[in-house]
Amino acid sequence: VQLQASGGGSVQAGGSLRLSCAASGRTFSNYHMAWFRQAPGKERELITWSAGSTHYADSVKGRFTISRDNAKNTVSLQMNSLKPEDTAVYYCGAGSEYVMGSPRPRYWGQGTQVTVSS
Numbered sequence: 509v510q511l512q513a514s515g516g517g518s519v520q521a522g523g524s525l526r527l528s529c530a531a532s533g534r535t536f537s538n539y540h541m542a543w544f545r546q547a548p549g550k551e552r553e554l555i556t557w558s559a560g561s562t563h564y565a566d567s568v569k570g571r572f573t574i575s576r577d578n579a580k581n582t583v584s585l586q587m588n589s590l591k592p593e594d595t596a597v598y599y600c601g602a603g604s605e606y607v608m609g610s611p612r613p614r615y616w617g618q619g620t621q622v623t624v625s626s
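Going by this note's numbering, the sequence shown opens with residue 509, and the numbers climb by one from there.
Everything labelled a hint here was simulated from the structure, so no lab data went into it.
Careful, some of the hints might be misleading.
[Claimed, not checked] As a list, the in silico BS3-like pairs of lysine-lysine whose alpha-carbon atoms are at most 27 Å apart:
id, residue 1, residue 2
1, LYS569, LYS550
2, LYS550, LYS580
3, LYS580, LYS569
4, LYS550, LYS591
Please work from the sequences and hints to get the whole structure.
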């Protein structure tokens with residue numbers, strides 16, 4: 509089972525980026541799929557997940573949109589109105605477990621760097 513993330517890069521504040529995560533090795537249609545991020549010196553943060561419905565952290569609500577294509581086993585993250593504080597390594601994750609209502613991925617993609625300059 510593998511998750512392959514792509515789409516990171518550098519952008520100026522106010523710009524947009526789109527991240528993609530392709531899953532292989534099994535069908536993920538019954539799994540939650542999520543995006544986390546980790547900024548330097550900070551803990552990994554759950555920012556959004558999809559499991560029938562979508563959920564967003566307050567820090568990205570209204571700016572980021574998660575979408576998934578179960579037929580293709582992919583999940584994407586459209587990031588608009590980016591801010592310097594969005595700078596982080598972004599990770600996709602998938603699984604079936606939850607801890608205190610939040611997804612706990614079993615499978616992780618490699619991180620992809622997003623850098624937003626002011």
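Right, here's what the structure says about each hint:
The suggested pairing of LYS569 with LYS550 holds, with an alpha-carbon distance near 20 Å, which does not exceed 27 Å. With a C-alpha separation of about 33 Å, the suggested pairing of LYS550 with LYS580 is violated against the 27 Å cut-off. Restraint check: the Cα-Cα separation between LYS580 and LYS569 comes to about 25 Å, which is no more than 27 Å; the hinted pair holds. The straight-line distance between the Cα atoms of LYS550 and LYS591 is roughly 17 Å, inside the 27 Å bound, and the hint therefore holds.
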